[in-house]
Amino acid sequence: NAGVTQTPKFRVLKTGQSMTLLCAQDMNHEYMYWYRQDPGMGLRLIHYSVGEGTTAKGEVPDGYNVSRLKKQNFLLGLESAAPSQTSVYFCASRRRKGYEQYFGPGTRLTVT
Amino acid sequence: SQQGEEDPQALSIQEGENATMNCSYKTSINNLQWYRQNSGRGLVHLILIRSNEREKHSGRLRVTLDTSKKSSSLLITASRAADTASYFCATDGTDSWGKLQFGAGTQVVVTP
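Protein chains in written order, with the numbering used here: chain L, 45 to 156; chain F, 25 to 136.
Isolated chain F (complex conformation):
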């Protein structure tokens, strides 16, 4: 079974707009990570937020985490056509082995 549920499944926006996607999970976590996957490629790590953090920024990315609601959101500001990809949240559990559990992903299309 998958740990995370992502919402929306797909998102279509224009360049310059912001993209927001949400992730919910079920069990206790050590941290939550977001990855990007371009079509036909492997996943690339974007950002990590620890369970004791509430918000984190990296360039045009902003991640929030609400452990009481077991949810996270990823905001991409000022989207570019190059941001077109699938985005996955992944939870890292409380053991130390890095066994990530992925959501089903949000497919983002940014049109010029």
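Pulled out of the complex, with its shape left as it was, chain L reads as follows:
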């Protein structure tokens, strides 16, 4: 099993550009999450999903949108990137009846 994979691994955007980050998991997990990690800080939850077709806001949702059209995929979109969105983005998933989250390797995004 590949576990949780993220695409792309690195990306540089100019202010105002848009992009989509893809997260895929092959563990049949019901719950999926997007976090961002900034230097000197822990991870902060952006959005999450508790099932196909459902999404909800986390702690820092502004400037991001998400979609979960298929159970195995969770997409994070930036419609108009800003320098404040420069960060490392992590996707995670877990079973509905479980607690442990499984993380992807991260996407390093730089917005200039």
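Hints in this document: simulated from the structure, not taken from any laboratory. For every residue, glycine included, the Cβ atom is placed at its ideal position computed from N, Cα and C. You may find that some hints are simply not true.
Unchecked claim - If you want the footprint, here are the derived chain F segments under chain L, 3+ residues with CB under 8 Å:
(1) 61-72
(2) 113-124
(3) 127-133
Claimed, not checked - Only pairs whose alpha carbons sit at most 25 Å apart, straight line, appear in this in silico SDA-like list of lysine to any residue:
(4) F/Lys123 <-> L/Gly95
(5) F/Lys50 <-> F/Ile73
(6) F/Lys123 <-> L/Leu57
(7) L/Lys141 <-> F/Lys93
(8) F/Lys93 <-> F/Asp31
(9) L/Lys141 <-> F/Asn54
Unchecked claim - A few chain F residues that don't get close to chain L, going by computed Cβ distances all over 12 Å:
(10) Gln38
(11) Asn46
(12) His81
(13) Arg86
(14) Arg104
(15) Ser110
Following the hints, position chain F against chain L.
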């Protein structure tokens, strides 16, 4: 805002020594989890302690939880160079959606 505060921010020890790090949090929890992050990688779950537990062991890891003080500690015994990583505590709140709130982490360096 972050739920957890971790102490110390950084820790440097020699192989064979024990490493202790502490985490404090602010609100009621269902459980508290510890994760490890190697440089440039995703997070890996280490151990979970439920709110009704006081101590838990897993291999060389020992976790304590004091809900009256809203604090937890992680002890790694007989450290190895491979334990060099950042360690994060994460609190899982009282809803069932697994919205973790992370501390800022403790960076541990173990020298041979």
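Hint check:
no.	hint	verdict
1	61-72	holds (count 7)
2	113-124	holds (count 6)
3	127-133	holds (count 3)
4	F/Lys123 <-> L/Gly95	holds, 14 Å
5	F/Lys50 <-> F/Ile73	holds, 17 Å
6	F/Lys123 <-> L/Leu57	violated, 29 Å
7	L/Lys141 <-> F/Lys93	violated, 28 Å
8	F/Lys93 <-> F/Asp31	holds, 15 Å
9	L/Lys141 <-> F/Asn54	holds, 14 Å
10	Gln38	holds, 25 Å
11	Asn46	holds, 14 Å
12	His81	holds, 17 Å
13	Arg86	holds, 18 Å
14	Arg104	holds, 22 Å
15	Ser110	violated, 9 Å
Figure legend: structure checked against the earlier numbered hints; hints not met, in rising order: 6, 7 and 15.
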